[in-house]
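Protein chains: 2
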Amino acid sequence: MKEHIGIGVIGFGTVGVGTVRILQENRDLIHRRTGFYLDVVRIADIDLETDRGIDIDRSILTDDAKALIADPNVDIVVELIGGYEPAATFIKEALEQGKYVVTANKALLATRGWELFEAADKNGASIAFEASVGGGIPILRSVREGLCANRFESIHGILNGTANYILSQMSQTGMDFEDALKEAQQKGYAEADPTFDIEGIDAAHKIAILSTMAFGVRVPFDAIPIKGIKEITQLDVLHARELGLVIKLLAIGVWRGDELEIRVQPVMIPESHMLAKVNGVYNAIHVIGDFVGSTLYYGKGAGMNPTGSAVVSDIVSIARQIAKGSSYDVPPLGYPLRTFRETGIRDNSKVKGTFYLRMMTVDRPGVLSKISGILGEKGISLSSVIQKGEGEEPVAIVMVTHETSRRQIDEAIQVIDHLDVVMEPTLALHIETELK
Amino acid sequence: MKEHIGIGVIGFGTVGVGTVRILQENRDLIHRRTGFYLDVVRIADIDLETDRGIDIDRSILTDDAKALIADPNVDIVVELIGGYEPAATFIKEALEQGKYVVTANKALLATRGWELFEAADKNGASIAFEASVGGGIPILRSVREGLCANRFESIHGILNGTANYILSQMSQTGMDFEDALKEAQQKGYAEADPTFDIEGIDAAHKIAILSTMAFGVRVPFDAIPIKGIKEITQLDVLHARELGLVIKLLAIGVWRGDELEIRVQPVMIPESHMLAKVNGVYNAIHVIGDFVGSTLYYGKGAGMNPTGSAVVSDIVSIARQIAKGSSYDVPPLGYPLRTFRETGIRDNSKVKGTFYLRMMTVDRPGVLSKISGILGEKGISLSSVIQKGEGEEPVAIVMVTHETSRRQIDEAIQVIDHLDVVMEPTLALHIETELK
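The listed protein sequences correspond, in order, to chains A and B. Residues 4 to 439, numbered by the numbering used here, are exactly what the first sequence covers, in order. Residues 4 to 439, numbered by the numbering used here, are exactly what the second sequence covers, in order.
One or more hints might be untrue.
No copy labels: a pair is met if it fits in one copy or bridges any two.
[Unchecked claim] In silico SDA-like cross-links for lysine to any residue, where the CA-CA straight-line distance does not exceed 25 Å:
1) K5 <-> R147
2) K439 <-> E28
3) K5 <-> A326
4) K185 <-> D48
5) K95 <-> D67
6) K190 <-> D293
7) K439 <-> T176
8) K190 <-> M307
9) K233 <-> E435
I should point out that these hints are in silico values taken from the structure, not numbers from a laboratory.
Chain A on its own, in the form it takes in the complex (with noise of 0.2 Å):
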């Protein structure tokens, strides 16, 4: 059995220095483990200089991946730059020399992912990506082998944690949007440039990502309806609470029998529900399988030593087979590539629902006569309406629909939001009530 095994790490940034860390601060449990030593041989990043806080043999250290790669002493690349390219060339590049890969690379994963995973098969490779969603949480393994035995029917994620975090102190503290999200810049739980986290594009990054695992299907990363957060209001947060509610940004996927239904968007939920009781930057992933009904994986989804964690958790597992020179007997989507297909994705017009609809409209008589009536005509009925606060405008128009389809919604909105009446544009939040 080989006892040493090469740690190569590409970007020595946050998650870089978190799981270099873990390795030597762990070393000997891990070795205890297994009964070998994972050794960083090299670490290569453009920025030589900074001081990370970290003791490292300066020696490893290089600006050159490429000679990382080629290096005959690095068992396994890690790959931790993030973003597009030149990520992207640096893993192709290490499957072709038939290494394994480990990255944590969730874009590149969920858009450019396929070129990858067929770079892998083709060599003999393998890449890993537990870290690319759900930070820390094991919930790729979880899926993957874990819940092996089932068929999946849904996963209802939390997989932004910048995204919980607003929403969370927005239900907890009565702040508004902007507060929250300047709370969380300040906290560090949300970048200058937000756009990814608040728009639901990271969520959708991730959810792309764990369904293709679960259902064993190609997702394309453009079909994807994404919504964010920005347009919820206090007004939202506390009426969802009168209605037993509370709204979470989800990611969701759902097996439709012969269609993948998968959307990222603000929603609605019970607040029994597992999912609702997630605060904070904490993630946490529904998963229902045929067999084993519910199950839920929380955990910090984002930060140097949870997604670190997940890093060193795919290197060790990769290394298991490299001591005892056996190949990964799983393949990294749980699928062999040649299964897949490319699915449906389910119309998103066609996911149907009950629906929340809040408009801000003058506050004059008729004006809710006018759309309960335009709600009519496109054969939307209503299960409970509040109007609230006089005087002030615009004031509020809260619906709440029986099961309609998102179709029935948009159109009614797009007819709406033109009368002269309404001040702002509708929100139409879909009230997961099928959530189990």
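Chain B: place on chain A using the hints.
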């Protein structure tokens, strides 16, 4: 690659039927994922007559478990009889023949697991037991592989669905213990003899297995202090609520640097904690690792389908190795046996914390001062005292202590319970303020 893996199932009861059903219904799905078929080639049970409501070829049924084990077509032996004997004999025989074993037998593993692990080790076989803890939740795999980068700090588990159902009902409906137990029995959540569930023994079996794996130390089952939930009353449930706490039967393993603190008992936890939100027959395990931080795993802890899901996940992992002619690379307990040591189990009397004390006394002046005098003598200081109800005896005196040791509490209670004025044994519950 071997395309057909032979499965022999010993014990065709609830979990056996669940397992065979999954192997039938998801046979093609598993083949698509893995490239092989899992064939149930033999099923052994002493009862060959009862109709299990499942369509099987009756020629594979046998009452001869030893013949099943020796059958060259059986690659994996699945032991689902439960209990100590003859299960232990069958498992050892299979391992001695170099066969892989999958079992859900927590009682056996917790009390006599070591002889089985040694038999596996000696014969180059392996034993897998995901179904023994947390039913369908892939918790062992998460601890052993998903979190293998971490030094574990603590495990707090709701590991018995029956006890959790009873406590949840007591909290949500105001039922008392006896009625909640009766309801659980009527619904099939509790057995006619519910001792193992309500006395905490079943949960202790599971935390023994989980702690052995997480902390890499041998846990002598008899050293675990175990307390059940029979003494919990509505009074305690209501007082907990006033304090912002919830009563849960927790199985706890905490690493104290050089010793393992391990105990099973009803405790009070903050109502905001994720574990407090786990209701009904669900299980959940809260695991803290040094890098990953807090994580939680939630799902159904029992039942034929969830348990079968875990059994089949083990079968698939082992079958992957058999199919490619390799050996199983992850030791059953996460660490190789030779690295284990007998650990000091922390003396329960040294466990520190704040405690909830509930005394039932006669309604007479001076009782409170007598009791608080005794507590003072034992060095126990109080953070709050509630005395409620007048007239009808016994009256309850409820106290919350500052940090103290279990020893001090037990000594004080021994004196208090001998007072003439004290009418029932005093209840002391640990308040888990430390729980993150």
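Outcome of the hint check:
1. K5 <-> R147: Between copies only: 21 Å across chains, 27 Å inside a chain, cut-off 25 Å.
2. K439 <-> E28: between (41 Å within a copy, 23 Å between copies)
3. K5 <-> A326: Close inside one copy (5 Å) and across copies (23 Å); limit 25 Å.
4. K185 <-> D48: neither (31 Å within a copy, 65 Å between copies)
5. K95 <-> D67: within (16 Å within a copy, 54 Å between copies)
6. K190 <-> D293: between (41 Å within a copy, 22 Å between copies)
7. K439 <-> T176: between (28 Å within a copy, 21 Å between copies)
8. K190 <-> M307: within (15 Å within a copy, 46 Å between copies)
9. K233 <-> E435: This pair counts as within: shortest intra-copy Cα distance 20 Å, inter-copy 38 Å.
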